[in-house]
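2 protein chains.
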Amino acid sequence: MKIILLSGGSGKRLWPLSNETRSKQFLPLLPSPDGGMESMVQRVLRQINESPLAGTSITIATNVSQKDIIINQLGEGVKVVTEPCRRDTFPAIALSCSNLYLEQKCGRNETVIVMPCDPYTEAGYFNTISKMAGAIEDDAASLVLMGITPSYPSEKFGYVVPAASGTIAVEKEIIKVGRFTEKPSVEVAVKLLAEKALWNGGVFAFKLGYMLDIIEKFIHLDGMDFNFVHSHYTSFPKISFDYQVAEKESNVAMVPFTGFWKDLGTWNTLTEEIPSHAIGNSHLGESNDNTHVINELSIPVFVDGMKDTIVAASPNGILVCSKEKSEGIKSKVENLSDRPMYEERRWGTYKVIDSVQYPDGFKALTKTITLTAGKNISYQIHHHRSEVWTFINGEGLLVLDGNVTKVTRGDVINIRKEQYHSVKAVTDLTFIEVQTGDQLIEEDIERFPYDWDSVSVK
Amino acid sequence: MKIILLSGGSGKRLWPLSNETRSKQFLPLLPSPDGGMESMVQRVLRQINESPLAGTSITIATNVSQKDIIINQLGEGVKVVTEPCRRDTFPAIALSCSNLYLEQKCGRNETVIVMPCDPYTEAGYFNTISKMAGAIEDDAASLVLMGITPSYPSEKFGYVVPAASGTIAVEKEIIKVGRFTEKPSVEVAVKLLAEKALWNGGVFAFKLGYMLDIIEKFIHLDGMDFNFVHSHYTSFPKISFDYQVAEKESNVAMVPFTGFWKDLGTWNTLTEEIPSHAIGNSHLGESNDNTHVINELSIPVFVDGMKDTIVAASPNGILVCSKEKSEGIKSKVENLSDRPMYEERRWGTYKVIDSVQYPDGFKALTKTITLTAGKNISYQIHHHRSEVWTFINGEGLLVLDGNVTKVTRGDVINIRKEQYHSVKAVTDLTFIEVQTGDQLIEEDIERFPYDWDSVSVK
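Chains as they are written, first to last, in numbering that gives the first Met the number 0: chain A, 0 to 457; chain B, 0 to 457.
Just chain A, same shape as in the assembly:
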């Protein structure tokens, strides 16, 4: 059995903490068993490894912009398949299935589970997934999905209606699916509940061969390698898996899950699950009620006299909103910041602490950058900016135009446009970077090979 974990989303609904590269599943806001905090994706991986699914090989299907943060949060051990561009769930699943077949050499008879990376749920959810895998292994249907018992007639979800013929296997809780209804009105949803319809949880099980046959309609796989599929990614139609596969399939079943399950997509729903009302340098007065303050800035936040309010601060901005109105912030904050001001990368993290643009186009941007011990940034040049690095903590090795030196606290390095440079952290290494130039974008970077293993310090 193989698990494909879908990690997508651009995430302005949890602005300012979420941004273009750090969507909601990466925010470290949920309580973890060790008393600390974990992100949604860290929580799901932990839960899988505490369930009957423990040890199953996991492939994460994601966009290229999220690859670094996945590695930063989950480690180098996970398999990551990156879409070359954002499309939809059908192409993302097709790409990962191609990878299972062509690169991971799985057979057509392999059972595949596809699931989202951000359900907020309990152990029973993963037991239900085991049952779904069992149904596929028993050939109970071509496609098996998870039906979630609705808690109210929501307009936000897709509904799966049982077939009139009913249950396939009572003791195994496998129900034949009759039809699908996407995001109905409340009136229709009430009727659907009377028909015992369940929410479509976005969890699917099938044999790899089943999906390969569908992929073959768009890209011929036999004799090809995975890079070929990757480079022809746009041959897959931009459509959801539900529309392209599930709703066209007549032989489809579902296994119900009746336990706790919640979509933590807005500040309103997310804060219900955050036990601490003051995270970061946050200070609450005595007269607050149902108010959450989450502060990722270094300056203090003081809040008093607030009711049902979310206050969230990050290098991308500051949100002060009633929890009710927080459901609709996405469109309003879309254009407030034009770049991520905090990112987790393969090598560590950075945050932008200030930026300014002058009328003639000249720009300055100041970052705090921390490299994890043992990691390095690529050997690179910039065509449009200079950088000044002031090292403030830890020890590292710097390469500047081929020359290697040790760097530590108080060292200052002036890196001019077109100068080749890299740095590797010996211990966790922090420096302040002041960028100046006419274009200060992450994309202004040209990378070159560098053999860190052969480094000797002069």
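Just to be clear, a hint being listed does not mean it is correct.
The list treats identical chains as one, so a pair stands whether inside a single copy or across any two.
Unchecked claim - Subject to a maximum C-alpha distance of 25 Å in a straight line, what follows is the list of computed DSS-like cross-link-like pairs (lysine-lysine):
| hint | residue 1 | residue 2 |
| --- | --- | --- |
| 1 | 405 | 362 |
| 2 | 247 | 155 |
| 3 | 155 | 416 |
| 4 | 66 | 171 |
| 5 | 350 | 362 |
| 6 | 405 | 416 |
| 7 | 350 | 155 |
| 8 | 1 | 130 |
| 9 | 306 | 331 |
| 10 | 306 | 329 |
| 11 | 247 | 182 |
Please keep in mind that the hints were generated in silico from the structure rather than gathered at the bench.
Assemble chain B onto chain A, guided by the hints.
For chain B alone, kept in the frame of chain A given last:
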């Protein structure tokens, strides 16, 4: 006639915009006639110059920590007398009167007006001050003060009760004062209003000689120079002018002011006078009611669903508070930040954009500094910190260990501990400063003379 303007206060009641050196009278939040914004002290100076008092010589009595921001906001033309340490209004007024006598060579017969720098009031207030000066010139009383018509039985103000004998001069509105009552309970205040008591507005008029006689009880003035008084400042008792002078004086009168007057001491009262509900990079959603957002950070603030709320953000911190609760924030935010993160200086402004302290005591602090064209910082060394300057706008002259060079955009200067340095702005000059060391306090500065007039650039 001479005016002494009292500028004091440490100003945590308008946190985070006010701090140790930028108290409430310096916040540029009031609408000015040119459509821009002005501070309370700028407003009062403008109003004086639009009144019958126009052209009167003004001496500002203040603490040494406010001298730079006064010059920055009012220009080099104003006379500033700085207390060597914070005491109270009696010593501050005594010091300024000593300065009028010993340094500005005023005669004992000079009429002196003492007034606060932060009343929010209208033109009639300054006409009343003219009447007070007239009463002193007519010898109507030894001390004349302004009585403000109470708008409600407040517990916050001092009250001045007319004498039973009543009016001294009806046509000139001069009323004999019977007694004073400081900050009464509401019940007592109601009775005081029935007795036609007025609020004590903290505006006083007297002959300079009257005050000199009182000063002589503590410091002998004749034959001394002003520096002698300044260096013996602690000989004056730490007490208010009301207690030390007004309440001991039997021959005291008041002139009533019946116009608009307000104490803008809290966010609640101040925001009532701020017409714009979104100042700085602030964005309001559609569902706010009586909510003010003032943002001095560069990152955006988005606010929605709020009612009767103040949101204020500055490099010192972020406040989110119901206007009602904002009256009591002073004690709660007292210890949230340990240094001013924004300051206006004689030479320009700086803001702290990030600071960090490591467990072993090593610190890093990053500032954006802007020097006004023509100004320079002093020639100085630091004993505990190094500084890296990256120039991002404007042109200047740098002195480093005696060597003068031109500096402009993109230049990077590494200033080590104990290195002599100064910089002068040719045009407005902005640079990013990264400080590192074991003590990063404004006080770690040793100043040396430097003759900028003789500079020739190599």
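Taking the hints in turn, this is what the structure says about them:
1. 405 x 362: Intra 30 Å, inter 21 Å, cutoff 25 Å: inter-copy only.
2. 247 x 155: within (22 Å within a copy, 75 Å between copies)
3. 155 x 416: neither (50 Å within a copy, 62 Å between copies)
4. 66 x 171: neither (38 Å within a copy, 81 Å between copies)
5. 350 x 362: both (17 Å within a copy, 18 Å between copies)
6. 405 x 416: For residue 405 and residue 416, both the intra-copy (22 Å) and inter-copy (21 Å) Cα distances are at most 25 Å.
7. 350 x 155: Neither, since 34 Å and 46 Å both go past 25 Å.
8. 1 x 130: For residue 1 and residue 130, only the intra-copy Cα distance (14 Å) is at most 25 Å; the inter-copy one is 91 Å.
9. 306 x 331: Answer is both; intra-copy 22 Å and inter-copy 19 Å each pass.
10. 306 x 329: Close inside one copy (22 Å) and across copies (21 Å); limit 25 Å.
11. 247 x 182: within (18 Å within a copy, 80 Å between copies)
Checked against the numbered hints given earlier, this structure breaks hints 3, 4, 7; the rest are met.
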